[in-house]
Amino acid sequence: MQALTNRKKQVERKPMTLMEKLYLPSIFKGMGITFSHLFKKKPTISYPEQQRPFPSVFRGLHILNRDEEGRERCTACGLCAVACPAEAITMEAAERQPGEEHLFREEKYAAKYEINMLRCIFCGLCEEACPKDAIYLTQTVAPANYGRKGFIYKKEDLLIPDPTTDREAYEKAKGTIGTGVK
Amino acid sequence: MLLQIDWFIIIEKFILIAVIVTTALIVAMYSTYAERKIAAFLQDRRGPNRAGPFGLLQPLADGVKLFMKEEIIPLTSSKTLFIMGPLLAMITATMTSAVIPWGWTIDVAGRQVPLQIADVNIGILYIFGVVSLGVYGIMIGGWASNNKFSLLAAVRGASQMISYELAMGLSLIAVLMLVGDLRMSAIVTHQTQHGWNIIYQPLGFLIFFVCALAECNRTPFDLPEAENELNFGYHQEYSSMKLGFYLFAEYINMFISGVVMSTLFFGGYDIPFVNEAAWGAHWWVGLIGFAVLMAKAFAFIFLFMWIRWTIPRFRYDQLMNLGWKGLLPLALVNMLITAVVVLLLNK
Numbered sequence: 009m010q011a012l013t014n015r016k017k018q019v020e021r022k023p024m025t026l027m028e029k030l031y032l033p034s035i036f037k038g039m040g041i042t043f044s045h046l047f048k049k050k051p052t053i054s055y056p057e058q059q060r061p062f063p064s065v066f067r068g069l070h071i072l073n074r075d076e077e078g079r080e081r082c083t084a085c086g087l088c089a090v091a092c093p094a095e096a097i098t099m100e101a102a103e104r105q106p107g108e109e110h111l112f113r114e115e116k117y118a119a120k121y122e123i124n125m126l127r128c129i130f131c132g133l134c135e136e137a138c139p140k141d142a143i144y145l146t147q148t149v150a151p152a153n154y155g156r157k158g159f160i161y162k163k164e165d166l167l168i169p170d171p172t173t174d175r176e177a178y179e180k181a182k183g184t185i186g187t188g189v190k
Numbered sequence: 041m042l043l044q045i046d047w048f049i050i051i052e053k054f055i056l057i058a059v060i061v062t063t064a065l066i067v068a069m070y071s072t073y074a075e076r077k078i079a080a081f082l083q084d085r086r087g088p089n090r091a092g093p094f095g096l097l098q099p100l101a102d103g104v105k106l107f108m109k110e111e112i113i114p115l116t117s118s119k120t121l122f123i124m125g126p127l128l129a130m131i132t133a134t135m136t137s138a139v140i141p142w143g144w145t146i147d148v149a150g151r152q153v154p155l156q157i158a159d160v161n162i163g164i165l166y167i168f169g170v171v172s173l174g175v176y177g178i179m180i181g182g183w184a185s186n187n188k189f190s191l192l193a194a195v196r197g198a199s200q201m202i203s204y205e206l207a208m209g210l211s212l213i214a215v216l217m218l219v220g221d222l223r224m225s226a227i228v229t230h231q232t233q234h235g236w237n238i239i240y241q242p243l244g245f246l247i248f249f250v251c252a253l254a255e256c257n258r259t260p261f262d263l264p265e266a267e268n269e270l271n272f273g274y275h276q277e278y279s280s281m282k283l284g285f286y287l288f289a290e291y292i293n294m295f296i297s298g299v300v301m302s303t304l305f306f307g308g309y310d311i312p313f314v315n316e317a318a319w320g321a322h323w324w325v326g327l328i329g330f331a332v333l334m335a336k337a338f339a340f341i342f343l344f345m346w347i348r349w350t351i352p353r354f355r356y357d358q359l360m361n362l363g364w365k366g367l368l369p370l371a372l373v374n375m376l377i378t379a380v381v382v383l384l385l386n387k
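Which chain is which? The protein sequence lines are A and B, in order.
Each step along the first sequence adds one to the number in our numbering, with nothing skipped, and position 108 is 116.
Each step along the second sequence adds one to the number in our numbering, with nothing skipped, and position 46 is 86.
Please keep in mind that the hints were generated in silico from the structure rather than gathered at the bench.
If you're wondering where the values come from, they're calculated on a predicted model, not measured in any experiment.
Every residue gets a Cβ at the ideal spot worked out from N, C-alpha and C, and that includes glycine.
Please note that a few of the clues may not be correct.
[To be verified] Pairwise CB distance ranges, derived in the manner of DEER restraints:
| id | chain 1 | residue 1 | chain 2 | residue 2 | range |
| --- | --- | --- | --- | --- | --- |
| 1 | B | Thr62 | A | Ile129 | 54 to 64 angstroms |
| 2 | A | Thr52 | B | Leu100 | 18 to 28 angstroms |
| 3 | A | Ile35 | B | Gly92 | 18 to 28 angstroms |
| 4 | A | Gly40 | B | Ser280 | 37 to 47 angstroms |
| 5 | A | Lys50 | B | Ile50 | 28 to 38 angstroms |
| 6 | B | Arg85 | A | Gly38 | 12 to 22 angstroms |
| 7 | B | Asn361 | A | Pro151 | 34 to 44 angstroms |
| 8 | A | Ile35 | B | Leu385 | 26 to 36 angstroms |
| 9 | A | Pro151 | B | Gly103 | 29 to 39 angstroms |
| 10 | A | Pro151 | B | Tyr176 | 47 to 57 angstroms |
| 11 | B | Arg85 | A | His110 | 49 to 59 angstroms |
| 12 | B | Leu372 | A | Lys29 | 14 to 24 angstroms |
[As the list claims (entries may be wrong)] Just some of the chain B residues that point at chain A, by a computed CB distance under 10 angstroms:
| id | residue |
| --- | --- |
| 13 | Glu52 |
| 14 | Lys53 |
| 15 | Thr62 |
| 16 | Leu82 |
| 17 | Arg85 |
| 18 | Asn89 |
| 19 | Leu246 |
| 20 | Asn271 |
| 21 | Trp324 |
| 22 | Trp346 |
| 23 | Ile347 |
| 24 | Tyr356 |
Please model the complete structure; the sequences and the hints are all you need to start from.
Right under this line is the structure:
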């Protein structure tokens with residue numbers, strides 16, 4: 009009969025020799041193997057202190073990006089919400105008032121912007137749909153929470169820190185997470 | 041004076057008991073830590089490393105956790121016996137340490153103080169007697185919890201311990217033939233003079249060691265706590281510190297059996313190729329002997345753990361086969377050969 013895999017093995021049915029019946033040689037062999045593991049390198053990572061880097065294609069928590077002058081990029085066009093297959097994104101648009109030009113990049117902006125992280129499947133389609141480069145998926149995992157309400161991320165939770173006032177936090181949020189791993 | 045009590049003896053023995061029981065408890069405590077660490081190292085992990093430096097406070101954290109846990113006594117259990125089970129296990133585990141010689145006789149302010157609680161002339165028999173009482177801890181625990189699985193596991197454990205005690209006793213008889221004395225101190229002195237018993241009794245030691253594994257319910261003989269066949273074994277209904285005591289008693293047993301094996305086969309507190317008697321009876325000589333004995337015991341504890349994390353558990357019929365058809369005849373043969381050799385040499 010033709011073998012289905014290349015791992016086929018003929019079963020031996022001959023009775024065990026005395027050495028095999030004693031079992032002790034195989035036990036010592038096994039103990040030698042376990043003993044050698046005492047000195048092997050441990051692949052364990054002490055998690056909260058050390059973190060494995062995510063692959064560059066990893067899609068984690070969202071951020072709403074700002075431009076280099078610290079203005080919000082989002083114009084509340086709603087394309088991300090339309091693209092979202094899980095219907096996790098909702099938003100309300102508002103009109104930029106005179107004197108708010110340093111806050112918002114376009115005449116229209118998102119007054120409310122919410123992502124329900126319980127619905128989100130982290131597909132990244134919102135990122136692709138966005139014409140203004142406003143929404144990005146970072147390399148952070150959404151943290152756990154006790155209630156369902158805590159998983160609905162408001163604009164305050166999503167918006168990236170202002171690069172003009174808080175450069176450091178901005179760089180951190182932009183995605184340096186996971187690079188400090190030995 | 042009819043009732044002249046030597047108060048020094050009483051004080052001396054009390055101090056000895058306190059020191060030895062404390063040592064046994066601390067060693068058992070840190071055996072739990074060592075077990076987890078060794079298991080981790082053998083499996084390329086790190087093991088407990090959060091509580092204190094290198095996780096050294098882990099046993100304390102475990103103890104606190106066990107004490108804080110909710111304690112459940114099943115309604116249909118027999119309450120007195122249910123509470124007595126772990127107690128018995130603990131008591132029998134610690135009682136064995138009484139006849140073990142822990143070091144040379146030392147000189148304390150002109151008094152000869154042997155580092156042994158009781159040098160009874162049936163020393164090794166006493167150990168066997170107490171160890172077989174350990175069955176009660178398992179049996180009562182399993183029976184009192186009124187759970188069929190616990191009972192089955194307890195019966196298994198009891199029959200296993202009794203089966204292996206036979207081969208253990210027979211393998212020991214060969215040693216006693218060589219020494220010609222049942223006193224533990226005499227066994228050690230004989231070995232310091234004539235070389236360790238392991239040289240003359242390698243097969244006897246192997247049988248004794250395997251039986252000790254079975255008596256301590258260590259893997260590959262840990263059938264009384266077979267969690268996958270019998271749900272959890274004889275301590276299934278136990279919770280909180282009562283379960284802790286059962287597990288703790290197992291570690292004390294392991295330590296004591298390591299000490300007993302060092303004493304019987306590896307010269308006890310004797311350092312090979314060193315004439316310790318020439319050093320005199322200083323207190324530090326006693327301490328060195330104690331340290332040497334502990335080192336041997338620790339080596340055995342490590343060996344126990346190493347075996348545990350290497351060899352899978354026996355099937356029950358295999359276990360009984362090995363005990364009755366393998367080890368018992370072997371021990372008998374070993375005894376016979378030793379008897380013949382001893383007879384021929386003494387002629």
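Checked hints:
Range check, B/Thr62 to A/Ile129: Cβ separation about 59 angstroms, and the 54 to 64 angstroms hint holds. For A/Thr52 and B/Leu100, the hinted distance range of 18 to 28 angstroms is satisfied, since their beta carbons lie about 23 angstroms from each other. For A/Ile35 and B/Gly92, the Cβ-Cβ distance of about 35 angstroms falls outside the hinted range of 18 to 28 angstroms, so the restraint is violated. A hinted range of 37 to 47 angstroms holds for the C-beta pair A/Gly40 and B/Ser280, which are about 40 angstroms apart.
A beta carbon spacing of about 52 angstroms between A/Lys50 and B/Ile50 contradicts the range 28 to 38 angstroms that was offered as a hint. Range check, B/Arg85 to A/Gly38: about 19 angstroms between beta-carbon atoms, so the 12 to 22 angstroms window is met. In this structure the hint that B/Asn361 and A/Pro151 lie 34 to 44 angstroms apart at CB is violated, the actual value being about 56 angstroms. Our hint of 26 to 36 angstroms for A/Ile35 and B/Leu385 holds, since their Cβ atoms are close to 33 angstroms apart.
Between A/Pro151 and B/Gly103 the beta carbons are some 33 angstroms apart, a value that agrees with the proposed interval 29 to 39 angstroms. For A/Pro151 and B/Tyr176, the hinted distance range of 47 to 57 angstroms is satisfied, since their beta carbons lie about 52 angstroms from each other. Separated by about 54 angstroms at the C-beta atoms, B/Arg85 and A/His110 satisfy the suggested range of 49 to 59 angstroms. Evaluation of the 14 to 24 angstroms hint for B/Leu372 and A/Lys29 yields a pass: the beta carbon distance comes to about 19 angstroms.
At a threshold of 10 angstroms, the smallest CB-CB gap from B/Glu52 to chain A is about 42 angstroms, leaving the interface hint violated. For B/Lys53, the shortest C-beta to C-beta distance to chain A is roughly 41 angstroms, which exceeds 10 angstroms, and the interface hint is violated. Among the interface hints, the one on B/Thr62 is violated; its C-beta lies about 30 angstroms from the nearest C-beta in chain A, farther than the 10 angstroms criterion. Nearest Cβ of chain A to the Cβ of B/Leu82: about 5 angstroms, under the 10 angstroms cut. The hint holds.
Residue-level restraint check for B/Arg85 holds (minimum Cβ-Cβ distance to chain A is 5 angstroms; threshold 10 angstroms). Of the supplied interface hints, the one on B/Asn89 holds, with its beta-carbon coming within about 8 angstroms of a beta-carbon of chain A, less than 10 angstroms. With 10 angstroms as the threshold, the beta carbon of B/Leu246 comes within range of chain A, its nearest partner Cβ sitting at about 8 angstroms, so the hint holds. A least Cβ separation of about 28 angstroms between B/Asn271 and chain A goes past the 10 angstroms threshold, and the interface hint is therefore violated.
The beta carbon of B/Trp324 comes no nearer than 33 angstroms to any beta carbon in chain A, farther than 10 angstroms, and the hint placing it at the interface is violated. At about 6 angstroms, the closest approach between the beta carbon of B/Trp346 and any beta carbon in chain A falls short of 10 angstroms, and the interface hint on this residue holds. About 7 angstroms separates the beta-carbon of B/Ile347 from the nearest beta-carbon of chain A, less than 10 angstroms, and the hint is met. For the restraint placing B/Tyr356 at the interface with chain A, the shortest Cβ-Cβ distance is roughly 17 angstroms, beyond the 10 angstroms limit, so the hint is violated.
Hints 3, 5, 7, 13, 14, 15, 20, 21 and 24, counting from the list given before, are not met by this structure.
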